[in-house]
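Participant: Line by line, the protein sequences are chains C and P. Heads up, the first sequence is in the UniProt record's numbering, so the first residue is 1 and it goes up one at a time. Heads up, the second sequence is in the UniProt record's numbering, so the first residue is 1 and it goes up one at a time.
FYI, nobody ran anything at the bench for these hints, they're computed from the structure. Keep in mind that this is a model prediction, so the values were computed, not measured. Using N, Cα and C, we set each Cβ at its ideal position, and we do this for glycine too. Errors might be hidden in some of the hints.
To be clear about the criterion: a stretch of chain C counts as covered by chain P if any three or more of its residues have a C-beta under 8 Å from a C-beta of chain P, and this derived list gives those stretches [said to hold, decoys possible]: (1) 74-87; (2) 543-552; (3) 735-745.
Protein chains: 2
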Amino acid sequence: MANITKKVSWSSRADESGAAGEETALLNGSELSRHLAKESQRGKPKEIPHNEKLLSLKYESLDYDNIENQLFLEEERRMSYMSFRCLEISRWVVCGLIGFLTGLIACFIDIVVEELAGIKYQVVKENIDKFTEVGGLSISLILWAVLNSVFVMLGSIIVAFFEPIAAGSGIPQIKCYLNGVKIPRVVRLKTLLVKVCGVICSVVGGLAVGKEGPMIHSGAVVAAGVSQGRSTSLKRDFKMFEYFRRDTEKRDFVSAGAAAGVSAAFGAPVGGVLFSLEEGASFWNQMLTWRIFFASMISTFTLNFFLSIYNNNPGDLSNPGLINFGRFESESVAYNLYEIPLFIAMGAIGGLLGALFNILNYWLTIFRIRYVHRPCLQVMEAMLVAAVTATVSFTMIYFSNDCQPLGSEHSEEYPLQLFCADGEYNSMATAFFNTPERSVRSLFHNQPRTYNPLTLGLFTLTYFFLACWTYGLAVSAGVFIPSLLIGAAWGRLCGILLASITSTGSIWADPGKYALIGAAAQLGGIVRMTLSLTVIMVEATGNVTYGLPIMLVLMTAKIVGDYFVEGLYDIHIKLQSVPFLHGEAPGTSHWLTAREVMSSPVTCLNRIEKVGTIVDTLSNTSTNHNGFPVVVQVTGGDEPAKLCGLILRSQLIVLLKHKVFVELARSRLTQRKLQLKDFRDAYPRFPPIQSIHVSQDERECMMDLTEFMNPTPYTVPQETSLPRVFKLFRALGLRHLVVVDDENRVVGLVTRKDLARYHLGKHGLEELQLAQT
Amino acid sequence: MANITKKVSWSSRADESGAAGEETALLNGSELSRHLAKESQRGKPKEIPHNEKLLSLKYESLDYDNIENQLFLEEERRMSYMSFRCLEISRWVVCGLIGFLTGLIACFIDIVVEELAGIKYQVVKENIDKFTEVGGLSISLILWAVLNSVFVMLGSIIVAFFEPIAAGSGIPQIKCYLNGVKIPRVVRLKTLLVKVCGVICSVVGGLAVGKEGPMIHSGAVVAAGVSQGRSTSLKRDFKMFEYFRRDTEKRDFVSAGAAAGVSAAFGAPVGGVLFSLEEGASFWNQMLTWRIFFASMISTFTLNFFLSIYNNNPGDLSNPGLINFGRFESESVAYNLYEIPLFIAMGAIGGLLGALFNILNYWLTIFRIRYVHRPCLQVMEAMLVAAVTATVSFTMIYFSNDCQPLGSEHSEEYPLQLFCADGEYNSMATAFFNTPERSVRSLFHNQPRTYNPLTLGLFTLTYFFLACWTYGLAVSAGVFIPSLLIGAAWGRLCGILLASITSTGSIWADPGKYALIGAAAQLGGIVRMTLSLTVIMVEATGNVTYGLPIMLVLMTAKIVGDYFVEGLYDIHIKLQSVPFLHGEAPGTSHWLTAREVMSSPVTCLNRIEKVGTIVDTLSNTSTNHNGFPVVVQVTGGDEPAKLCGLILRSQLIVLLKHKVFVELARSRLTQRKLQLKDFRDAYPRFPPIQSIHVSQDERECMMDLTEFMNPTPYTVPQETSLPRVFKLFRALGLRHLVVVDDENRVVGLVTRKDLARYHLGKHGLEELQLAQT
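Please put together the full structure from these sequences, using the hints given.
Facilitator: In structure tokens:
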């Protein structure tokens, strides 16, 4: 994730949009300018500004608003009721496919990881058995470390050299995509391939990572691919689903894909739907939500079904997700009213530890952005982490003497005897050797005396720092499972301590319950998700009774954590300077109006415009606008003309490419007829303007935009308050909002960056700078 | 529900908005008019038009769009960051209170019903024991029927005479409220009281009803009351939460209340949230959803906690809802892939039976609207139903010989021996005598051989018709539980038949599983809810594994049912002619534009307007508009003036009441300063214009609307397509949308009724008539 923004550069807002900046100061003459002046006096000019204080201009927005131009309306009007039904059915089919493929991918990852981990365990165990007797344990250590490093190296090489966007969990990128920001290459087939291989390598390489986060990204890529009915990477067009080749439809499917990913990862179909809604939805659409739910259901069912076959238990649908918390029976782990304050306290601890995790990771990421940005360095760092992880584990195991009898009812699959007596196994070794998923489950469910407190304490400490170091490496990996594992470890520790204070045999006695609460607290403290995480946790535990405690814990963790620092994903989004729009405008922004917020002056085009002017406008690299209001000049005066439409750069590019010119010279006034199909074929990789050759003769031609522009763009008057502008913009998923005066003349344009600039900081409303990074 | 619209009267659209109708025909000159002409030729003029073909003009809309006038903006700008934080905290407090009170009410209903039902059972059982030996079973029957009728009479009297809006489940009304329609008296304290008492009476009276649906209405009323910090009915103002006294905030709390109601009824907090979102949300707001979830959680927790005390089991939180499906263990009721087609077939049966139920109930409701509209008739009908229910049950019991041994593991709480041998009980009697909740549970969980097929078949048949007759009576009662019961009965029957076909001991052997599927199918076939119902069912069964089958079943039931008739709630909403807006514009409506849809001409007010004109405009009963565009005349010509704002009837009323006049005669140009508080105090029961006295002198004064009007109303150009208008209207929860020409002059106004008129019928797009009913 951190690999994208490698250079820290910025420019001031005033440089960027010249006159507008001054105009703002003049027109407003009030709090804003004074506020900004104060800010700049107070600012520490010596400090190098981190790029989270900037908004990058390199990110484009997605067009969630339908471009209702004449072509589109004509097509829609031609369509019968039956065609709409067919479309609806094909949406369902696509969602079913998305769910099925996502489930298959999850299944594939799971099986490959299981098999490879089994082989690794066998090799290391045989080695240990062979050499422990001759005292050469260090050989086993080296073998282990080398094996891990090789896996991690493979995973890291493909990520760092072939597809850096596949690094990390991909959740921040999907959040941005669903928010409406076009992150380059995020939903390509290549990204998916690298992601899947990468996550297998990093999990088998024994890093402190999970394979759940990447599933969300994988689901999203699957969705973006399937729904388009073609692959640009493979250069295959199946001539299907052509109607879905626009941002609005694609976004809907990507939501479904992300939900299917969550669903496959955690066996939580409802949690998946809520995740997609929490991150992506602005406008609630009942049919869409229902389809998303369908994709999620199919996804968890597919995974469940194929895993049941893999486990030689066909038909036993008890593996709904990659991670399975095991069944919490109400009787054994009931809670009481007076335990709720304890849970809340644990939530606060989770918030604190989460904030610490995030701050450490933030510093690390800054360091990485500055110094570790060459791919080979990144690969080396990843290998270093793998080796250190192996060494630390081995050291911990070496110095631990927590031996547990073998063969209890919840027996471990990979017990290691090591320095224990026969018939016993080393519980620290188990915690480190197991896949993290298994460790979480054993922390939740093992008998009260399975782990001793010292083991848990040391494990928490080391795993915390390892996980923190690992997140942000150039490998594909998630942070969900490590967080759960850290939390489960200290949660279980809390449980054991509480049980030792009070009498045994009481309701306090089961540390598994506290492990669950600790896991929720830690995860909540790191990622700060709320509603969806509660539902995911509840679904993963399969016990509704735990809803309230988990919710309270997550709320506490979020409140405590937010006091110090933002959530991990938000930190990484900010470090990339993505213009991310939150759900609502900052509370104290009512004194700002569209006049102050908008960019101005605006480059407008005439309804019948000279081709040369259009080419020049598009080629102007200093502005690089993506949307242009179309105007009609009523009288040939100086005054701004009346707004009559809006046209996008991508549309103009297609028009230029197809030479849709009115050749005045030959007095042929017919334009070449373009179809919507031409726009859809070019979607989503529109060529840059530089690749389109326009001859000098053609530059003199005229172009009639009437048919292609959106004739009814949304507009607001200049006096509209920022929250109102924000609401309109967000609710409709707009890309451009035209600001007009009371004569319907264009005075400005509000885009995502203009709104994302304002955010609530420690000292009230802050304004971010825009940068060309 | 049916009691509101008692008279069937209508007027044509052309009468209602004179010139506009003609203009539409002229301007459009296309498919619409031709289509309408065809329709009227084809129409059967002899048939009396049912009022579902009309939209009533008597319903007003709620103002979900903030009125951002100067007063509001000044207040917001004065507020510090801390005040916003405090507001946010008080929102959470209110949601917590809503959840707590809703949970308490659910608990109260449950306990009172249990106690009264226990007493009734004792009385009847003693009587039976006493008289069976002397052969006078008819005395017991009469006693039973009388007892039931008395309870139902009480319940019916309070509903029919005191608060007719409290009849039925209240779900259609809450759907309408959340959709943005102001249903009179729906969220008043009196309604709540009548609802609670009414539901107790009807459940204890042995009607085929449930107490779950009414909880949703109760929760909504609680929310509307608590959030306002005062009670208009009790004339108490606690001077709290004054900020929340507007439709936007109130709606948010009502969503939370409805969710809390669902949560308490079914122990389904997530289902509650999704219900609220499915029915109410247009704009997804993360914090709001989170608060709704909080209210739901608190509600189920409160219910659980107090019921555990009532059951002498404090701390055992195993009663999350009023209805508890019991625990479905994965092992005992696992399903296999090849059972899925069976489930889908059962879904289709559920859809068919649901459609039959709805059609019968529709005819019944029409009959009731025409002939049973006097309160005393309604009470008599309710008593008749109660007596018939009792008689039918007794007859069924009398002719049934399904005796089961007493004292199996799932023993019944109220076993009746009747004509069985000692040590046995009559299973038909159990099915009828139990509360429906208990019967559902025993159908789900009892041992395979507990019910014989004939009992189930007869029970299904009678209960189907009884439930159908009961819904729509003037009693407070829900249709959820009867539907579940019918479905569970025929589902179990299917299970038994399947088991008898195949070998015993196989996976088919457990009929409880099929009872669950049948219950879902039947409920889905009747109410046609999708996402929320799936989640409610999954949460109530406590088993995520059943998610996919339940979802498939509900989908099938909806598809099959929708082929014949709409869902029960939608039928009742239509019969009330409520202008209900669905999520999206009809698919084939792209050829309609704002020009055709809007009402015109529009009554506009000048920014500085004569008081007399305002009073006359407001008093004009023939138009009865609620929102007026405010314009400024640029030059004193005939041309329409430029739009500069929008003002509501309610605001004008407050202004008139406080005599905010500029008295030109005395050349005092200061208006009395009004505060937002004055508007909030008058909310929500603004006085009618008739009650405000304006003297002849005052009529000559002027009124300056600048400060009070919303200066930035949303506008669209005339060419905007209907789906685009619809999307804007729905996403922002608008009440008025001004249509302007390209000079920013008002040409029309789009309101809810203008959009709700268009709907997709069997023959494509249909247009409903507007009526003054």
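Participant: For each hint, tell me whether it holds in the structure or not.
Facilitator: Tested hints:
Under the rule that three or more residues need a Cβ within less than 8 Å of chain P, the assignment of the segment 74-87 of chain C holds, with 6 such residues. By the rule of at least three residues with a Cβ nearer than 8 Å to a Cβ of chain P, the coverage given for the segment 543-552 of chain C holds, with 6 such residues. With 4 residues having a beta carbon nearer than 8 Å to a beta carbon of chain P, the segment 735-745 of chain C meets the requirement of three or more and the stated coverage holds.
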